[in-house]
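A.B. asks: Sequence:
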Amino acid sequence: MKKSSLYRMVSKFKAKYPFTVTWRLKAHCKVIEKHLSFDEKIVYAFAAQKNNNSFDIVTTCVVALTEKRLVIAQKRVLFGYFFYSITPDMFNDLQIRHGLLWGRIYIDTINEMVILSNISKKALIEIEKNISSYMMEEKKKYPPRKK
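Under the numbering used here, think of the first position of the sequence shown as 371, with each following residue one higher.
A few of these clues could be false.
As a list, the in silico DSSO-like pairs of lysine-lysine whose alpha-carbon atoms are at most 27 Å apart [unchecked claim]:
hint: 1; residue 1: Lys420; residue 2: Lys400
hint: 2; residue 1: Lys396; residue 2: Lys386
hint: 3; residue 1: Lys411; residue 2: Lys386
hint: 4; residue 1: Lys438; residue 2: Lys396
hint: 5; residue 1: Lys511; residue 2: Lys499
hint: 6; residue 1: Lys386; residue 2: Lys438
hint: 7; residue 1: Lys386; residue 2: Lys491
hint: 8; residue 1: Lys404; residue 2: Lys382
hint: 9; residue 1: Lys404; residue 2: Lys438
hint: 10; residue 1: Lys438; residue 2: Lys400
hint: 11; residue 1: Lys492; residue 2: Lys396
hint: 12; residue 1: Lys396; residue 2: Lys491
hint: 13; residue 1: Lys396; residue 2: Lys420
hint: 14; residue 1: Lys384; residue 2: Lys511
Label-pair ranges, simulated between beta-carbon atoms [said to hold, decoys possible]:
hint: 15; residue 1: His405; residue 2: Ile480; range: 17 to 23 Å
hint: 16; residue 1: Tyr451; residue 2: Lys411; range: 20 to 26 Å
hint: 17; residue 1: Phe449; residue 2: Ser503; range: 19 to 25 Å
hint: 18; residue 1: Lys396; residue 2: Thr479; range: 24 to 30 Å
hint: 19; residue 1: Phe425; residue 2: His468; range: 15 to 21 Å
No lab work stands behind these hints, which were simulated from the structure alone. A virtual CB, placed ideally from N, CA and C, is assigned to each residue, including glycine.
Let's have the full structure, built from the sequences with the hints guiding it.
C.D. replies: Here is the structure:
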């Protein structure tokens, strides 16, 4: 993957859905690029706020769907970053909530609930289709869990 292709994908998403609230996209993209394997290709990418509060607009993250997993990166302002990786076997469910101004995406995993907010309402269907269809297809490749 070329270093700038992730940023280009996220910029296209932002241009297509300008009401999505995001900041410092280049910095967040660099975090994902650090963690990608050399053979990992990005299928889809977008930006959102990683929180449950519509008024908290400083928690921007970049979400990238690769051929192997879903990754979420958030560069902190002064130092450090947060990086989350969700493999298809850890993925449980995806919920969309359509609000008055923005929408939210709830990604239920085995360990936690990831909440992405302040996303343009028009982008919700595109995001859901990309993530759900990919994860369900990949999940079939994993053996069923024993209880």
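A.B. asks: Work down the list of hints and note, for each, if the structure agrees.
C.D. replies: Status of each hint after checking the structure:
1. Taking the CA atoms of Lys420 and Lys400, the gap is near 17 Å; set against the 27 Å cutoff, the hint holds.
2. For the proposed pair Lys396 and Lys386, the alpha carbon gap of about 17 Å is at most 27 Å, so the pair holds.
3. With a C-alpha separation of about 22 Å, the suggested pair Lys411 and Lys386 falls inside the 27 Å cut-off, and the hint holds.
4. Simply put, Lys438 and Lys396 have alpha-carbon atoms about 22 Å apart, close enough for the 27 Å limit, and the pair holds.
5. Between the alpha carbons of Lys511 and Lys499 the distance comes to roughly 19 Å, so the proposed pair stays at or under 27 Å and holds.
6. Between Lys386 and Lys438, the direct Cα distance comes to roughly 26 Å. Compliance with the 27 Å bound is thereby established for this hinted pair.
7. Straight-line distance between C-alpha atoms of Lys386 and Lys491 comes to about 12 Å, which keeps the hinted pair within the 27 Å bound.
8. The suggested pairing of Lys404 with Lys382 holds, with an alpha-carbon distance near 21 Å, which does not exceed 27 Å.
9. Taken as a hint, the Lys404 and Lys438 pair is honoured in the structure, with Cα atoms around 16 Å apart against an allowance of 27 Å.
10. About 19 Å separates the Cα atoms of Lys438 and Lys400, which keeps this hinted pair within 27 Å; it holds.
11. Straight-line distance between C-alpha atoms of Lys492 and Lys396 comes to about 23 Å, which keeps the hinted pair within the 27 Å bound.
12. For the proposed pair Lys396 and Lys491, the alpha carbon gap of about 23 Å is at most 27 Å, so the pair holds.
13. This hinted pair checks out: Lys396 and Lys420 have alpha carbons roughly 16 Å apart, not beyond 27 Å.
14. For the hint pairing Lys384 with Lys511, the CA-to-CA distance comes to about 32 Å; that exceeds 27 Å, so the pair is violated.
15. For His405 and Ile480, the Cβ-Cβ distance of about 20 Å falls inside the hinted range of 17 to 23 Å, so the restraint holds.
16. Taken as a hint, the range 20 to 26 Å holds for the pair Tyr451 and Lys411, whose Cβ atoms sit roughly 22 Å apart.
17. Checked against the given bound of 19 to 25 Å, the beta carbons of Phe449 and Ser503, roughly 37 Å apart, lie outside it.
18. The hinted window of 24 to 30 Å between Lys396 and Thr479 holds, with their beta carbons roughly 27 Å apart.
19. Taken as a hint, the range 15 to 21 Å holds for the pair Phe425 and His468, whose Cβ atoms sit roughly 18 Å apart.
Of the hints listed earlier, those the structure fails to meet are numbers 14 and 17, in rising order.
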